[in-house]
Structure formats: structure tokens, C-alpha cells
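Chemist: Just so you know, the sequences run in chain order A and B. If you're matching positions, the first sequence starts at 1 in our numbering and goes up one per residue. If you're matching positions, the second sequence starts at 1001 in our numbering and goes up one per residue.
Calculated from the structure, these hints are not laboratory results. Any given hint could be a false lead.
[What the hints assert, rightly or not] Under the rule of at most 25 Å between Cα atoms (straight-line distance), these lysine to aspartate or glutamate pairs were calculated in the DMTMM-like manner:
hint : chain 1 : residue 1 : chain 2 : residue 2
1    : A       : Lys456    : A       : Glu197
2    : B       : Lys1073   : B       : Glu1143
3    : A       : Lys193    : A       : Glu220
4    : A       : Lys83     : B       : Asp1159
5    : B       : Lys1138   : B       : Glu1161
6    : A       : Lys337    : A       : Glu197
7    : A       : Lys94     : B       : Glu1124
8    : B       : Lys1024   : A       : Glu89
9    : B       : Lys1070   : B       : Asp1110
10   : B       : Lys1192   : A       : Glu197
11   : B       : Lys1197   : A       : Asp159
12   : B       : Lys1193   : B       : Asp1043
13   : A       : Lys196    : A       : Glu352
14   : A       : Lys86     : B       : Glu1161
15   : B       : Lys1201   : A       : Glu197
16   : B       : Lys1190   : B       : Glu1161
17   : B       : Lys1197   : A       : Asp90
18   : B       : Lys1085   : A       : Glu197
19   : B       : Lys1197   : B       : Glu1143
20   : A       : Lys452    : A       : Glu242
21   : A       : Lys193    : B       : Asp1110
22   : A       : Lys160    : A       : Glu220
23   : A       : Lys315    : A       : Asp328
24   : A       : Lys86     : B       : Asp1159
25   : A       : Lys160    : B       : Asp1164
26   : A       : Lys79     : B       : Glu1088
[What the hints assert, rightly or not] Far from chain B, some chain A residues (derived; all Cβ distances over 12 Å):
hint : residue
27   : Lys94
28   : Leu289
29   : Ala361
30   : Pro383
[Stated by the list, open to error] Estimated spans, in silico, between C-beta atoms of each pair:
hint : chain 1 : residue 1 : chain 2 : residue 2 : range
31   : A       : Lys196    : B       : Arg1122   : 50 to 56 Å
32   : B       : Asn1198   : A       : Pro383    : 48 to 54 Å
33   : A       : Val96     : B       : Ser1038   : 20 to 26 Å
34   : A       : Asp90     : B       : Phe1194   : 15 to 21 Å
35   : B       : Ile1186   : A       : Val96     : 48 to 54 Å
36   : B       : Asn1198   : A       : Val45     : 30 to 36 Å
Where is the CB? At the ideal position from N, CA and C, for every residue including glycine.
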Amino acid sequence: MKRLFLLLLSTILFSACANKSMTRYEALAPALEKKGFEGAIEKVVKEEKDLYGSNSQFLYYFDLGVLHHYNRNFDESIKNLAKAEKIYEDLYTKSVTNEAAALATNDNVRPYRARPFELLTMYQFQILNYLAKMDIDGALVEVKRSQIAMNALYQKDKDKVNDNGLLRYLSALVYELDGSVDDAAISYVNTVKAYKEGKLSLPGEVLEFVTESLKRNERENQLNSLNVSIPPGTPKATAVQELGQEIVVVGYAGHSPILGELYMQGTFVSGGALNLSYKDGETGRMSSLTLIAPPVAGGSGNTFHIGFALPEIRKIPSHVARFEVTLDNQKGIFPEKVMDVGSELAQNMENEKTSTILRTATRVAVRTIAAQKAKGATNTGNPLIDLLKNLFVDVGQSQLEQADLRVGLFLPNSFHMTRIPVEAGTHKVSVAALNSYGNVVELFDFKTIQVKKGQKVFLFVPSIR
Amino acid sequence: MSKIWTLCLCGAIALLVGCASEGKKVSRIDANSVTDLSGSWNDTDSRMVADEMINDCLGRPWYDNMIQDKGGKIPTVVIGKIRNKSHEHISVETFIKDMEKALINSGRVDFVANATERAELREELASQQGNATEETAKEAHQEIGADLMLTGTLNSIVDQEGGDQVVFYQIDLELTDIQSHRKVWIGDKKIKKFISKNGVKL
Chain A
1 MKRLFLLLLS TILFSACANK SMTRYEALAP ALEKKGFEGA IEKVVKEEKD
51 LYGSNSQFLY YFDLGVLHHY NRNFDESIKN LAKAEKIYED LYTKSVTNEA
101 AALATNDNVR PYRARPFELL TMYQFQILNY LAKMDIDGAL VEVKRSQIAM
151 NALYQKDKDK VNDNGLLRYL SALVYELDGS VDDAAISYVN TVKAYKEGKL
201 SLPGEVLEFV TESLKRNERE NQLNSLNVSI PPGTPKATAV QELGQEIVVV
251 GYAGHSPILG ELYMQGTFVS GGALNLSYKD GETGRMSSLT LIAPPVAGGS
301 GNTFHIGFAL PEIRKIPSHV ARFEVTLDNQ KGIFPEKVMD VGSELAQNME
351 NEKTSTILRT ATRVAVRTIA AQKAKGATNT GNPLIDLLKN LFVDVGQSQL
401 EQADLRVGLF LPNSFHMTRI PVEAGTHKVS VAALNSYGNV VELFDFKTIQ
451 VKKGQKVFLF VPSIR
Chain B
1001 MSKIWTLCLC GAIALLVGCA SEGKKVSRID ANSVTDLSGS WNDTDSRMVA
1051 DEMINDCLGR PWYDNMIQDK GGKIPTVVIG KIRNKSHEHI SVETFIKDME
1101 KALINSGRVD FVANATERAE LREELASQQG NATEETAKEA HQEIGADLML
1151 TGTLNSIVDQ EGGDQVVFYQ IDLELTDIQS HRKVWIGDKK IKKFISKNGV
1201 KL
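Just chain B, with the same shape it has in the complex (with noise of 0.2 Å):
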């Protein structure tokens, strides 16, 4: 008889666990801060790369030789195509995004707009023509050209068994001179992560 009281009680508390609701906490946290929770790429990932691929990017031969070349002038840069080639939806956006903060923040790098925004520029100055005053509309070919263009990969392989998980992300960029289309740096990010999940829980 006690047994089926045991059995009664375990079930009664079975359905209050699955039944119980599940709170919500919020916090504030640093930015900066790092944070894995599901193991895919984040905002820390995008953040690292950007960072130190173009700290070596810039800190390598070429960019001396090119400051020569341009008679002591900084060389000016645009990000071409970010190719996502992954196995998950990542935000390419933000990541080129952090590139462009990483390349203006060196401060040894001219910048100009993509090819979009360039885009939206152009019909914004279009625009200026007729529109704004004499004094203040602005004037069609005053662009710059870009010398370098950046483009990239953004890889991952993929190996599981079970609930384990790793996954290898690779980012490749290149900085091709647009003129001679010469490739003048070539470099690679590597980033492994093993993600492991229980296969039960209570």
C-alpha cells in the first residue's frame, strides 16, 4: 500500500515539475564581455577576428612598401564581398561592420564607402544638384579610389558524434590591389569550439 503512495506522490510531483513555469531574468552585461551560450558564432566571435586579422593585416611588409610607393601617402581601403560559406546564418553585416571599426580605428588606413553606400551617395548628390544652395551642394567626381579592396570567406567544418559537437570556423581575407590586382596580403583566422550536450536530463 505504501508503495502506491510513493508511486502517487512521484507522479503528482512529475506533473508539477513539467508543468512548472519557466522564469525570465534580465540582465545587463559589458559588451565586451565574452559569452558562449549556444556555441554558434557571436558577437565575440565577429569582434576577435575582425580585430586581429586586420592588426595583422596592417602590421605586415606590404604597407610599408605601398606607403613608399604612394610617396608617403596612407593607402586607401574598401570591403568588397563577405561570403558567408558557413553552416549557420551569421551576420555578415555586423562583421564587416567591426572591420571597418578595426581599419578606421588603426588610423593607418584611409577608408571609403562600399559599393551600396556608395550607392546611396550618389543619389543623395544627385539629388544636392538643383536642390541644395550653390554653396553648400556638393560635387560629382570629387571621390576617392580606393587602392585595396578586402574580401573574404567565412568557413566552418562540422564534426559530431552523439551530442558532441566540433565545430571549426575559418575565416579567410585578402587585400587585392585594385589596380594591378595584385593580391598584396593574404591571412586566416582559426576558431575551434566543441559544443557537448546531455542526452538526459531530470
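Looking at chain A on its own, in the form it has when it is part of the complex (with noise of 0.2 Å):
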């Protein structure tokens, strides 16, 4: 009876625990290859259960709302992207029980809580959506969301980055759309040393802009402080500020890496040896590693089959490198990059290595002792009962054994970012989206765009390829 207890114990959690972030990937890539971005909603909409579950809510509303945007749904984004928000406030309590949970079988157990830079992403699609709908109010509520967000992230750990170039710049943006001069200039000043903090240098243009406004609001010694070159000239910023209207284009390129798994398997002989073998992510070749085990208490001498998997990155090749905006027939406009999704996967993962790591050895280790427990309480005395529940014991544990590989799937691998001085009025635009040799991949004729005396029209340019 109780060895029918264990097995169908074992049975439960098995089931309960597979892998949903392997699958997530597979199904929804063909959705938005093939469908564009109104399938890829759809299919995300209908396959929730079996592709999110209960446990990664936050990346259902986040994956939608990054969509809707594409898609130029700003309310069904900011909808969804306020949902991911509340999720991420909500799960600021941790459960006892989903951590102890977490450390019987695997990371996915545990409710998904977003990667700071997703949080920050997040935030920026906001900000985006309300300046699409034209909503100063809207975005300037956004910008201080994400400034709350930011410090509650540094007060979590000021030793990880936890700020966003473009996030900072946009935040200026919505400032001096506001009117309040001051607090763009600050937010300026933080575009500089976030973009100094993060993995991709300060862009020109963003410099160019940030050195206008701290020249017009007499701030040029915070310039100097910030150890930056100063650009000779500011003709682009400066006509914006003459001109007072603006063209903003904002382009979305390629696709961001996501996360694959790295699964270690061996042998471990207490105070022995630990050898270990793996697929390289890289190469794909098996490769194998020898270790001096150290001793575990009470198994000297005894064999445990372990293994443990990490989620490494996993680059997605991307068709789009870059932009060139064309308008009103004047060629060779092309948008900066401003935020590079990649480096901050890489950063992000680099900043959780140690407690990735020092997470799944608890992890293992409490496993194979549980399991070599397990099977000394269960042994039937039948040689051939014995081997076959304790290949079942092996084969349920290594099949535990999962890394967390959640990460937002549709996000852009580079944010690029230009903005324009123009008379008010009509104009033609159009952008093209280019391979790293400078072929066009797709073309996003805007048509006629309408300029208001004193407004900023902000148009995306989505090529999630």
C-alpha cells in the first residue's frame, strides 16, 4: 500500500510538473511566421492553459500586450500589459509552499515574476501606447510607475543593473511633452548613465538630444560631470526644439533570444568522482566533464545517478538588422539602435548565475537523497522488482529536473529609434526594414502622415523577423 502511495506520488508530480516553456516557443513561432501577429494573439489566447498555466500569467499578458501593440491594439495592450503589471506587484509575496515546492521538483512550479529588464520593457510599451493614443496624461502616469518600479528593483539589489537607456530617454521624452523641462533634463542626465551602466554605448542621437537640454535649462555642468564627449553641434535636437513638432519612428527589429536548456547527466560517487556528460548549446556535441566529487554524509562509497539542468541562451536568427526611414522622398534616415534585448537576456542571466546555480545544487542534492531513501525503503528483496523500481525512481527524478526557461517570447532582439524635425503639416513616409547587408526585408509605407502644429507623432515599425 505504501509503495502504491509513492509510485502514484511520484505519478502526480511528474504530470504536474512538465515543461511548458519547451513547448511555449514551438507553438506559437509557426503562429507568427505564418499568421502575423493576429494569429499569434489568437493562438496565445486559446492555447493559455497548455502553453502559460496558472504558474506564468505574468508572460501570458506580457506576450499579449507586446502583440497588441504590434498590431496597433494600444487599449488591448495597455490592457494587458496593466494585467502583467498587477500580476508582478501581486507576487511580491512569496509562498512558502510553491518555494518548497520548487525545491522537491523544479523552477516551474514556482509563479513566474519577470526579469527586471521584461518589468522595464514593459513599461516602455506602455509609455509607447499612450503617446500612440496621444495620451500625455496617460504616459507621464506610466513613466512614473516605471521610476517607482526601478527603485523598488535597486532597493531588491543595487548591485545588478536595474535601469534602461531607452526606457530613461523616453521617460525625457514624455517630459518635455508635458512641458516640465526640469524633470526631462534629469531624466536626460539618467538616459546617460543608464546607457553608461548597461552593455550598449550611448547612441549619437540620444546624446545629441540630451546635450540640448541641458544646454537650454542650464544644466551644462551636469554635462560635464557625466564624462561624456560632447557633440560640437546639436542641429537635429535643436530644430525639434524650433520647430516644436517632430516625427518619432520607432522600429522593432528581429527576434530576441530565447531560453534553451543546458541538461547535465552522470554519476556521482560520494568523496569519488562526479562525471558528468552534455549536449554543448553551442556546438551541439556531447561533451562530458570529470569532477572530484566531494563526500555526502552517510554515502560513502555509494553511487547516485544525478542530473541537473541550467537554461542557457539560445539565439533566434534574425532577418531584420536595421532601418531606413524614408521621408517626403529625402533617403537614408536611419534609426539608432536603443536597446539591444539580447544583452540584457545575457545580463540578466550573468546577474542570476550564482543563485541559479547554487538553487539547482540544493536542488539535486536533496533529490538524489530522497531518492536514494526512497529506493533503500521501498527494496521488495526481488532482484528484478528491485531494478525496475529503482530505474522508475531514476528516470521520475531526472525527469523532474527541469530549468526555468521562461522569458518573454515576442520581443524585439534591437529597439531602433529616430526622431525627426518637420514643418507642420502632411508628409510621406515610409520605412524600410533591412537585412545586416542592407537588403530590404519589408517595406512600411506610412502613406501620408498628418504633423500638428507642436505635436510628436510616434510611428512603429514592427519586423519581428
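Please assemble the complex out of the two chains, which come individually in their own frames, going by the hints.
Modeler: Here's what the structure looks like:
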């Protein structure tokens, strides 16, 4: 009876812990490629339970919000991203039972809490959604919320990078629209600081707008303290200030990397050797390594079967690398890269590395000891039955081990942006999405754009290919 | 052996607790009752601020002075732009409606439709010309011009540390004489909330 109960419990645990992350990308990527944003939205909604489940609700709303933004359903995007934010806030409180279950099984049983860069990207999209709707007050609210979120992230861990240059730059733009010149100047200063803290270097056009704003607001001394080479002239930024209106082009290029699993398995002889074999994520070849194994209390000389899984970045080849804007037949306007999602993910993985390895090692150790105890406790004396049973426990144990591969699936590989000063009136705008050789992959023809006096018109170019 | 059974039992209970579905219960409550769930700006804040600020506004000396200037006639007020500069997406429309209600119910001022409503009314008036009967069609150029405009901002400051958060709202309202652009009244209302979140739960 006891044995039956143990087997039943193991079955429940295995079925409860199927790794949805592994199937999510495979299921959704074809929908995006073949049916576009509309098709991907439909698929996400239809298969919410199977692909996301209750533990990845943040990702569900985040992915939907991002897709709706690309699809120009700004109200829907706002609604979904607000739900994602609410989930993030509610998950501040950690469940002891969830954490304990994660220690016994894997991290996928914990609710997904969002990576800091995802949270900040969510605010970027919200700001852009409100700007697209020309709702300055709405955008301002999101700017303030993002600042509160960033403060909270820094309070949690001040040694990690919890800032984002693009978010600070967009905040400055919103403050400018609001007429809050001092707040705009402060945000411009923070933009430079954030880029310096991150991996992407400060884009030239951004520096031009920072310089213009600080000079205009008699904050040149701050510019000197930022330790940047001040551009000799700021023609574009000056023209935007003098004309009063501009067209802002925001391009989303390529597909961000996702996470794959690095599964290492082998044998562990207490006080002897630790033999591990794994598939190299880059080459796809099987590799092996042998380490000196630390002794485990009470396990001297025993051979343990172990397996552990770690998340690793998998790059997705991007067909689109940059954009070229044509304004009123004037070609050659190239929006600059203002955010690199791959770098953000790499930075996040680097930040989380120690805690991920520590959690994984603890989990594997706890489970290995428990499995050995379970094997010993359920011995029948029949060599064949015991062999099968032990095999079942080992297979079950390795099945339980899954890396947490959850990450936003529809982010671009990079964000690009340019601000073009224009006269009030009608303008013809088209944007070409280019590959790394400069060939046109996709053309976005906005035809005629009406720009009113003092207006900032935002154009979005989502080329997630 | 008994330890393994205890562990198994704990695991099973943990799973059951995790999988338990959340029940939903609905009950009706008084619309005027004070309810604070998330700590965000809510209907109680909106109503309370509108009532208190309008009462303060109409109880100040400018009111009697204006009545005197207008030969005993009560002043006419229009609500201008109320900007949300806080960190929350606050429904400014609800707040404006609460203020309109407080103004009308005071009986101490006349109150005219705002710019958006006026545009709609003018459209209706234009539509009546030539469509409604001569006896029932309303005449153009008969609108009452407001004497004063009420404008304002909703602002907030958030201070937080871990799971504790103090949110400070400040609502500033101004009443401006449309003719002279003289500010006849400036008022503010402050609300401070302490919100605490637990770091762990069972």
C-alpha cells in the first residue's frame, strides 16, 4: 500500500511539472510567422492553459500586450500590460509552499515573477502605447510607475543593473511633451547614466538630445560631470526645439533570444568522482567532464545517478538588423539602436547565475538523497522488481529536473529609434526593414502623415523576423 | 521510514493547497461606504476630496465679494482641465463628476456645461435648426457665459521600502475669474496612505 502511494505521488508530481516553456516557442513561432500578429494573438489566447498555465500568467499578459502593441491595438495592449503589472506586484509576496515545492521539483512550479529587463520593457511599451494615443497624462503616469519600479528593483539589489537607457530616454521625451523641462533634463541625465551602466553604448542621436536639453536648461555643468564627449553641434535636437514638432520612428528588429536547456547528467560517487555529460548548446555535440565529488554524509562509496538542468541563451537568427526611413523622398535616415534585448537577457542571466546554480545544486542534492532513501525504503528483496523500481525512481528524478526557461517570447532583438524634426503639415513616410547586408526585407509605407503644430507623431515599425 | 511518510504527506498537502481553486463571493455594499483594498486612489477618495474642496471653496470670502459685485446674482462656474499627474491611472472623469455634483448640490453657484459638452450641445442646436418645429427649436446665442473656471491637478509622491509604501496624494484646485484672469481661490487636499505587503505567505 505504501509503495503504491509513493508511485502514485511520483506520477502526480511528474504530470504536474511538464515543462511548458519547451513547447511554447515551438507552438507560437509558426503562428507568428505564418499568420502574423493577429494569428499569434489568437493562438496565445486559445492555448493559454496549455502554453502558459497558472504559473506563467505574467508572461501570458506580457506576450499579449506586446503582440497587441505591434498590431496597433493600443487599448488592448494597455489592458494586457496593466494586468501583467498587477500580477508582478501581487507576486511580491512569496508562497512558502511554492518555494518548498520548487526545491523538491523544479523552478517551473513557482509563479513567474518577470526578469527586471522585462518589467522595464513593459513600461516602455506602455509609454509608447499612450504616446500613440496622444494621451500625455497616461504616458506620464507610466513614466512615474516605471520610476517607482526601478527604485524597488534597486532597493532589492543595488549591485545589479536595474536601469534602462531607452526607458529613461522615453521618460525625458514624455516630460518634454508635458512641458516639465526640469524633469526632462533629469531624465536625460539618467539616460546617459543608464547607458553607461548597461552594455549598449550611448547612441549619438540620444547624446545630441541630452546635450541640447541640458544646455537649454542651464545644466551644462551636469553634462561635464557625465564624462561624455560633447558633440560640437546639435542640429537635429535644436531643430526639434525650434520647430516644435517631430516624427518619432520606433523600429522593432528581429526576434529576441529565447532560453534553452543545458541538461547535464551522470554519476556521483560520494567522496570519489562526479562524471557529467551534456549537449553543448553552441555546437550541439555531446561533451563530458569529470570532477572530484565532495563526500555526502552517509553516502560513502555509494553511486548516485544525478541530473541537473540549467537555462542557457539560444539565439534566433534575425532577418532584420536595422531600418531606413524615407521622409518626403529624403532617403538615408537610419534610426539608431537604442536597446539590445539579447544583451539585456545576457546581463540578467549573468546576474542570476550564482543564485540559479545554488538553487539547482541544492535541489539536486535534496532530491538525490531523497531518491536514495526512497529506493532503500521500498526494497522488496526481489532483484528484478528492485531493479525496475530503482530505474523508475532514477527516470522520474531526471524527468523532474527542468530548467526554468520562461522568458518573454515576442520581444524584438533590438529597438531602434530616430527623432525627425518636421514642419507642421502633411508628410510622406516609409520605412524599410533591412537585413545585415542592407537589403530590404520588409517595407512599411505610412503614406501621408498629418503633423499638427507642436505635435510629436509616433510611428511604430514592428519587423519581428 | 516514518520521516519519509511525513515528507510525502507534507508534499501531498502542499500540492493540494497549491491546486485549490479560488472561490468567488459577491455581496452588495453601500455606495458611500469606505472601502480600501489595494491602497490605490478609489471612489472614496474621489468623493471625499470633491465634497471637502468644493465646501471649502464656496465658504471663502471671495464668494460674498462676488455676489456683491454681481448685484446679488450667484456666480456661474465651468469646470476646466483637471490633470492627472499622479503615478496612477485615475479616472479624472469620475472626479470631475463628483465635483460637478458637489457644486450643483450646494445651490450657491450656477453651473454650465464644459467645453466638450458644449460642443455636443451646439451640434444638437444646429441640428434643431431646420429639423425641429419653430415652436420647439431652441435659439442660438443664448448660452450663459461662465464667470469662473475651476482647474486643477492630482499629484502624488510615493516612498517605499521593501513591502511598505507610503503614498501621498495632493489635489490642487484653482478658481479663476474668466474676465480678469484673477485667481479667486486656491485650495488643496492631501491624502496619505500607508500600504504594507507581506513578503511571505503559506
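Chemist: Taking the hints in turn, state whether each one holds.
Modeler: Comparing the hints with the structure gives:
no. : hint                               : in the structure
1   : Lys456(A) - Glu197(A)              : violated (29 Å)
2   : Lys1073(B) - Glu1143(B)            : holds (17 Å)
3   : Lys193(A) - Glu220(A)              : holds (16 Å)
4   : Lys83(A) - Asp1159(B)              : holds (23 Å)
5   : Lys1138(B) - Glu1161(B)            : violated (60 Å)
6   : Lys337(A) - Glu197(A)              : holds (16 Å)
7   : Lys94(A) - Glu1124(B)              : violated (57 Å)
8   : Lys1024(B) - Glu89(A)              : holds (21 Å)
9   : Lys1070(B) - Asp1110(B)            : holds (13 Å)
10  : Lys1192(B) - Glu197(A)             : violated (35 Å)
11  : Lys1197(B) - Asp159(A)             : holds (24 Å)
12  : Lys1193(B) - Asp1043(B)            : holds (15 Å)
13  : Lys196(A) - Glu352(A)              : holds (21 Å)
14  : Lys86(A) - Glu1161(B)              : holds (18 Å)
15  : Lys1201(B) - Glu197(A)             : violated (35 Å)
16  : Lys1190(B) - Glu1161(B)            : holds (22 Å)
17  : Lys1197(B) - Asp90(A)              : holds (9 Å)
18  : Lys1085(B) - Glu197(A)             : violated (29 Å)
19  : Lys1197(B) - Glu1143(B)            : violated (53 Å)
20  : Lys452(A) - Glu242(A)              : holds (15 Å)
21  : Lys193(A) - Asp1110(B)             : violated (53 Å)
22  : Lys160(A) - Glu220(A)              : violated (29 Å)
23  : Lys315(A) - Asp328(A)              : violated (37 Å)
24  : Lys86(A) - Asp1159(B)              : holds (19 Å)
25  : Lys160(A) - Asp1164(B)             : holds (22 Å)
26  : Lys79(A) - Glu1088(B)              : holds (14 Å)
27  : Lys94                              : violated (5 Å)
28  : Leu289                             : holds (32 Å)
29  : Ala361                             : holds (20 Å)
30  : Pro383                             : holds (22 Å)
31  : Lys196(A) - Arg1122(B): 50 to 56 Å : holds (55 Å)
32  : Asn1198(B) - Pro383(A): 48 to 54 Å : holds (52 Å)
33  : Val96(A) - Ser1038(B): 20 to 26 Å  : holds (23 Å)
34  : Asp90(A) - Phe1194(B): 15 to 21 Å  : holds (19 Å)
35  : Ile1186(B) - Val96(A): 48 to 54 Å  : holds (51 Å)
36  : Asn1198(B) - Val45(A): 30 to 36 Å  : holds (33 Å)
The structure is inconsistent with the numbered hints 1, 5, 7, 10, 15, 18, 19, 21, 22, 23, 27, although it conforms to all the rest.
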